[in-house]
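Model the placement of chain R on the given structure of chain X, informed by the hints.
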Amino acid sequence: MTEMSFTEEQRDCLQELINVAMGLASDKLARFLNTFVHLQVPAIGLVNAADIPEQFRGQYQGLNSSMISLGFFGDGGLRGETILLYQLDNAGKISALLGYDDDATSETEMLTDISSILTTTFLNGLAEQLDNSFSYAAPRVISSRDNDFISKLEQTAFHWQLALKVDIRYELTDYSFDCNMILLIPGEAVLKLKTILDNVLAEF
Amino acid sequence: MALTALICDDSLLARNQMKKSLPASFDAEIVTATNGMEALAVLRNQEIGVVFLDLTMPELDGVGVLEAIKAEKMDVFVIVVSADIQPEMQKRVMDLGALAFIQKPVNADKLGAVMRQYGLI
Numbered sequence: 015m016t017e018m019s020f021t022e023e024q025r026d027c028l029q030e031l032i033n034v035a036m037g038l039a040s041d042k043l044a045r046f047l048n049t050f051v052h053l054q055v056p057a058i059g060l061v062n063a064a065d066i067p068e069q070f071r072g073q074y075q076g077l078n079s080s081m082i083s084l085g086f087f088g089d090g091g092l093r094g095e096t097i098l099l100y101q102l103d104n105a106g107k108i109s110a111l112l113g114y115d116d117d118a119t120s121e122t123e124m125l126t127d128i129s130s131i132l133t134t135t136f137l138n139g140l141a142e143q144l145d146n147s148f149s150y151a152a153p154r155v156i157s158s159r160d161n162d163f164i165s166k167l168e169q170t171a172f173h174w175q176l177a178l179k180v181d182i183r184y185e186l187t188d189y190s191f192d193c194n195m196i197l198l199i200p201g202e203a204v205l206k207l208k209t210i211l212d213n214v215l216a217e218f
Numbered sequence: 004m005a006l007t008a009l010i011c012d013d014s015l016l017a018r019n020q021m022k023k024s025l026p027a028s029f030d031a032e033i034v035t036a037t038n039g040m041e042a043l044a045v046l047r048n049q050e051i052g053v054v055f056l057d058l059t060m061p062e063l064d065g066v067g068v069l070e071a072i073k074a075e076k077m078d079v080f081v082i083v084v085s086a087d088i089q090p091e092m093q094k095r096v097m098d099l100g101a102l103a104f105i106q107k108p109v110n111a112d113k114l115g116a117v118m119r120q121y122g123l124i
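Chains as they are written, first to last, in the numbering used here: chain X, 15 to 218; chain R, 4 to 124.
Looking at chain X on its own, in the form it has when it is part of the complex (with noise of 0.2 Å):
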């Protein structure tokens, strides 16, 4: 974990670059629903990808929950899998303020929607800034009123060394709603992350 871990400018620079991302991912959010989202700074944490299941146990198990992954392919190896995870009910909210039908093919098509604006937006944003560009394979609605979660994600992270967890929680005017974002990247994309990320660094 030594050499994968990162130095505190290098995580500052990752902060700031992901605050950036991520108010275009809320504009876009706020342009979508038609309202205000509130920004707050995101807690980011690097952690082992195999953790990653255990730490979502207590806040997801026994839950209606949602798990939406998007993989990512950009130059130089940087690559990876974006997770977002939400509670259901939050779900519901937002499908019913975008006027979706309330059952289950508009559920899945909701959440890609969602899914795209927040991620999509959030990952060109991020490669931007990183001077990448990436590509997306469709995204896939893994779990979905479903108990297996836990399950499910462990699978999910099985395929990759670390994650980097983003909590986000976007506050919109008339109600909260919390989802999780986890993006996940083999070692060597994390080595070539830092490398970016110290260029980035030095032009400063």
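Heads up, none of these hints are tricks.
Cross-link-like lysine-lysine pairs, in silico, BS3-like; alpha carbons within 30 Å at most:
(1) X/K107 to R/K94
(2) X/K208 to R/K22
(3) R/K23 to X/K208
(4) R/K22 to X/K206
(5) X/K206 to X/K166
(6) R/K94 to R/K113
These are computed hints drawn from the structure, not numbers from a lab.
Quick look at chain R alone, frame taken from chain X:
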């Protein structure tokens, strides 16, 4: 007497980006703060000509700083430099008395143009 400028941002990278983006002709002493509370402490204790203010910060955010500046009738120019680009937020900070809103990451040309417009350079 040269002006003193305050850069307020919780990110070291953002503070450094801001310093580096300031026009060479800007003759000012630069002081920094890492959150809104620190910024207010600086503003209450020394003569500051212009504040480059981030919005999303711990302790006290940029909106809180603008509200305090307004309430305490402080005589200072505020240029907001933020990633929170929602139109409603831009309107909110302008209504609170900010001179200008600059989107992050800060662009030196845009910053220079705004500073020229308000006679800071």
